[in-house]
Amino acid sequence: MNWIRQKIDQIKEPFEPGNKLEKYRPAINALDTFLFVPDHTTKKGSHIRDAVDLKRTMITVVLALVPALLFGMWNTGYQHYTQLGENPAILDAFLHGAYKIVPMIVVSYAVGLGLEFAFAIMRGHEVNEGYLVTGLLIPMIMPVDIPLWMVALSVIFAVLIGKEAFGGTGMNILNPALTARAFAYFAYPTYMSGNKVWVSEASNIDTISGETILGSVAANKEVTYTAAEMFTGVIPGSIAETSVICIIAGALLLVLTKVADWRIILSGVLGAAAMGLLLNALPSFGIEGNGMTNFAWYNHLIVGGFAFGIVFMATDPVSAAQTMKGKWIYGALIGLIAILIRTLNPAYPEGIMLAILLLNVFAPTIDHYVIQGNIKRRQKRLSAKTVKTA
Amino acid sequence: MPIDVKIKKGLKLNLKGEPENSIEQAQKSKTVALRPSNFHSLVPKMVIKEGAKIKAGEEVFFSKYSDKTRVVSPVSGTLKEIKRGAKRKILEVVIEADTEIEYKDFGTMDPLKSDSSEVKHRIFSTGLGVFLNQRPYSIPANAEDTPKAIYISAYNTAPLTASFEVVLKDKIEFFQNGINALTKLTGGKVYLGVDKQAASFLKDIDNVEVLNISGPHPAGNVGTLIHETEPLNRGEKVWTINPEDVAIIGEQFKTGKYNAERTVAITGTAAKHKKYFKTIIGSEVSSILKDYEDNSRIISGDVLTGEKVEGDGYLNFFSNTLTVIPEGDKHRMFGWLPFKDNDIHSASKTSLAWLFPNKKYEVNTNLNGEERALVVTGEMEEVMPLDILPMQLIKACMAGDIEKMENLGIYEVAPEDFALVDYTNTSKIEAQEIIRNGLDIMITEVG
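Here the protein sequences come in this chain order: A and B. Per my numbering, the first sequence starts with residue 1, numbered consecutively. Per my numbering, the second sequence starts with residue 1, numbered consecutively.
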């Protein structure tokens with residue numbers, strides 16, 4: 001190990017303070033800290049520190065995403081070949097998906113991290129690790145056939161307008177990954193919606209009908225997939241959002257390590273279930289409803305990226321509510337509104353993306369009222385005191 | 001009837017390097033030093049000049065803005081040096097000690113039989129007042145105030161600290177006398193926090209409201225005790241004092257002598273002889289700490305709130321612990337991987353440390369990462385037993401937003417209440433420093 005360390009110290013020499021490449025220090029530091037936890041010691045405050053750091057936290061999220069990502073690669077190939085009437089081997093399906101998806105991940109990381117490095121150098125702070133997660137999330141929630149330059153453009157929009165314009169990591173209002181998706185969704189709708197984008201090569205090969213489940217439901221067509229297929233994820237959709245099993249595996253890791261707040265996930269699921277149940281009950285009130293309102297409430301939870309969104313996007317600590325009570329309200333509203341958007345506006349059959357972005361905007365307001373509760377308790381105590389002594 | 005103070009939130013840190021429960025008389029320190037910076041916000045005005053002779057208990061300097069806040073000499077001897085820094089700021093006053101301490105005689109006084117104004121005058125005029133710390137702001141108490149209560153915590157829940165059961169064992173009479181004096185300073189109660197589990201002689205002290213403390217650190221912090229009994233409102237003041245200093249006050253009332261004895265625990269894995277030493281306030285570190293490992297950090301105080309001192313430096317005025325831990329200036333390969341390096345303690349579940357709640361950890365001073373933007377939420381609340389929103393208060397302090405700080409309860413906190421936030425937070429934010437700066441803004445703007 002020692003010679004690696006010495007070699008790195010040698011490479012870092014020109015970047016040290018006072019030397020000519022000093023300005024680019026954050027960039028070289030970012031690379032170095034990926035090999036070694038630095039030898040920095042505490043200068044003030046507590047003399048000892050916890051082993052946790054932001055890198056560890058973010059890598060935990062990346063690990064949690066891996067099952068869904070690998071499944072997504074396989075499912076991409078599987079959907080493609082089965083729609084062509086073939087029965088692919090697992091490896092063939094996986095390779096087909098990887099061939100499509102790996103370049104997207106590379107583009108997302110290259111463009112996004114490039115920007116992050118540039119901003120770190122410009123602003124003179126260290127590179128924050130948040131983009132490791134964002135950069136992986138963005139390809140995972142895109143349709144598989146989206147051109148790479150659109151991925152790049154979405155990333156640029158998300159990082160520049162979604163994050164850095166607000167002051168960088170920790171300051172952004174909106175979840176950057178969803179900002180990227182929303183950008184692509186509204187800028188290039190033909191690549192992001194409809195029934196020809198969800199299966200690899202669907203737009204080139206006529207025999208492939210790549211409609212998603214919610215797409216069919218919204219169009220009042222019959223759904224040919226079983227609930228078990230929806231749950232395992234062998235259905236068309238955005239790249240890695242389909243498998244609820246893999247998402248639950250990731251969710252378990254996030255909740256057990258406390259990286260994601262279980263309150264948001266639980267209240268989100270409860271909120272969505274409540275709205276689903278309410279809509280399912282419409283016929284008993286004499287309202288006929290449509291295909292979407294009559295879609296079983298439990299199916300709402302396992303299709304259309306709901307599970308992926310509530311586990312990996314809604315729990316982003318920066319854009320979510322930050323107070324304990326606020327998290328409950330925030331999660332529940334995401335669940336309610338996601339299903340509401342789905343059913344009431346068939347143009348947005350997935351719903352969860354807009355629901356999370358909407359609540360991202362309202363999260364500070366929710367927090368504001370929770371904080372007011374704390375402040376009021378304090379003021380009440382003071383006024384009780386003044387009355388008593390007066 | 002004792003009151004139970006039970007908290008759930010917090011963190012019990014099990015660290016290696018606890019001292020054994022034996023007290024030894026330390027070798028006499030050749031010099032002692034008084035540092036104005038130990039009394040936050042105090043601007044010193046010297047009373048004596050370099051070369052002057054002084055007795056133990058005679059005034060060395062006082063606060064420029066409150067002449068009743070006086071710091072007196074813990075030993076008799078000659079004022080050797082006034083060390084100054086930038087703009088002639090006084091950093092350290094060094095006194096060369098006589099071999100035999102000569103005490104100034106203040107005469108005896110029975111606090112219970114005396115008038116409260118006499119007791120107060122005696123405490124502040126003879127330099128005992130600086131032992132009292134005022135909340136809010138955590139600054140020396142002002143002689144003009146009458147606090148609504150006085151708090152003493154004799155249960156230190158921070159890791160690697162001196163046990164007051166050991167420190168006060170043979171001073172219990174003086175301690176009781178000191179308590180008697182303190183009761184005259186306040187219209188309210190004098191609270192004494194003790195370990196609920198321990199069958200302590202401290203529970204039999206009279207004239208106090210005993211608080212039976214249980215729970216993880218910071219259960220024993222005075223800030224927690226105040227919050228759980230009579231939380232501070234705007235405009236109110238309470239005083240806090242360390243138990244051994246109560247005994248010093250008690251002894252001075254009983255014998256007329258200012259005996260500035262300090263029982264210091266040597267702790268930490270890098271120290272060789274970990275036990276208690278009886279010495280004098282402001283003594284040379286080298287007089288009690290001789291054997292310790294190279295490349296280690298000496299902390300006057302505990303690992304969470306103490307101040308770094310050099311091997312040839314001096315003990316802080318209030319510290320009764322000298323902690324020595326290894327410096328952590330080493331790189332750690334791939335140390336950021338989750339579930340790796342589980343021998344380093346972590347309150348986060350991204351390490352497997354939580355599987356071994358009773359394991360004792362060896363700690364060093366490595367930051368275990370680098371400072372980052374505030375991203376993770378909810379972790380500060382886990383170690384904050386007070387009804388305070390830690391992250392929101394920290395942000396208000398960073399922004400210097402006075403109204404928000406006040407609304408969010410800045411008066412109820414001191415930096416030490418945020419020590420665990422320092423320790424656990426993922427972004428390596430210096431919470432104690434931020435809170436201190438916030439308090440300083442309040443001192444200048446609100447007063």
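Hints should not be assumed to be uniformly reliable.
Stated by the list, open to error - Ranges of calculated distance between the beta carbons of each label pair, as one might list FRET restraints: (1) A:ILE8 <-> B:PHE356: 42 to 48 Å; (2) B:LYS272 <-> A:ARG381: 47 to 53 Å; (3) B:ALA86 <-> A:GLN10: 33 to 39 Å; (4) A:LYS12 <-> B:GLN25: 27 to 33 Å; (5) B:GLN25 <-> A:TRP262: 38 to 44 Å; (6) B:ALA399 <-> A:ARG381: 43 to 49 Å; (7) A:LYS7 <-> B:GLU96: 31 to 37 Å; (8) A:GLY167 <-> B:LYS272: 47 to 53 Å; (9) A:LYS12 <-> B:LEU355: 55 to 61 Å; (10) B:SER116 <-> A:ARG381: 48 to 54 Å; (11) A:VAL361 <-> B:ALA399: 20 to 26 Å.
Source of the hints: derived by calculation from the structure; they are not laboratory data. C-beta: ideal position from N, C-alpha, C; glycine also.
Now for the hints, and whether the structure bears them out:
Distance hint check for ILE8 of chain A and PHE356 of chain B: the Cβ-Cβ separation is about 33 Å, which falls outside the suggested range of 42 to 48 Å. The beta-carbon spacing between LYS272 of chain B and ARG381 of chain A, approximately 50 Å, falls within the hinted interval of 47 to 53 Å. Under the hint 33 to 39 Å, the C-beta atoms of ALA86 of chain B and GLN10 of chain A, about 37 Å apart, fit the expected range. A hinted range of 27 to 33 Å is violated for the C-beta pair LYS12 of chain A and GLN25 of chain B, which are about 51 Å apart.
Take GLN25 of chain B and TRP262 of chain A: their Cβ atoms lie about 56 Å apart, and the range 38 to 44 Å is violated. For ALA399 of chain B and ARG381 of chain A, the Cβ-Cβ distance of about 25 Å falls outside the hinted range of 43 to 49 Å, so the restraint is violated. Range check, LYS7 of chain A to GLU96 of chain B: about 53 Å between beta-carbon atoms, so the 31 to 37 Å window is missed. Separation of GLY167 of chain A from LYS272 of chain B is about 49 Å and conforms to the stated range, judged on CB atoms against 47 to 53 Å.
A hinted range of 55 to 61 Å for the beta carbons of LYS12 of chain A and LEU355 of chain B is inconsistent with their spacing of about 37 Å. The beta-carbon spacing between SER116 of chain B and ARG381 of chain A, approximately 28 Å, falls outside the hinted interval of 48 to 54 Å. Checked against the hint of 20 to 26 Å, the C-beta distance between VAL361 of chain A and ALA399 of chain B comes to roughly 22 Å, which is consistent with it.
Figure legend: structure checked against the earlier numbered hints; hints not met, in rising order: 1, 4, 5, 6, 7, 9 and 10.
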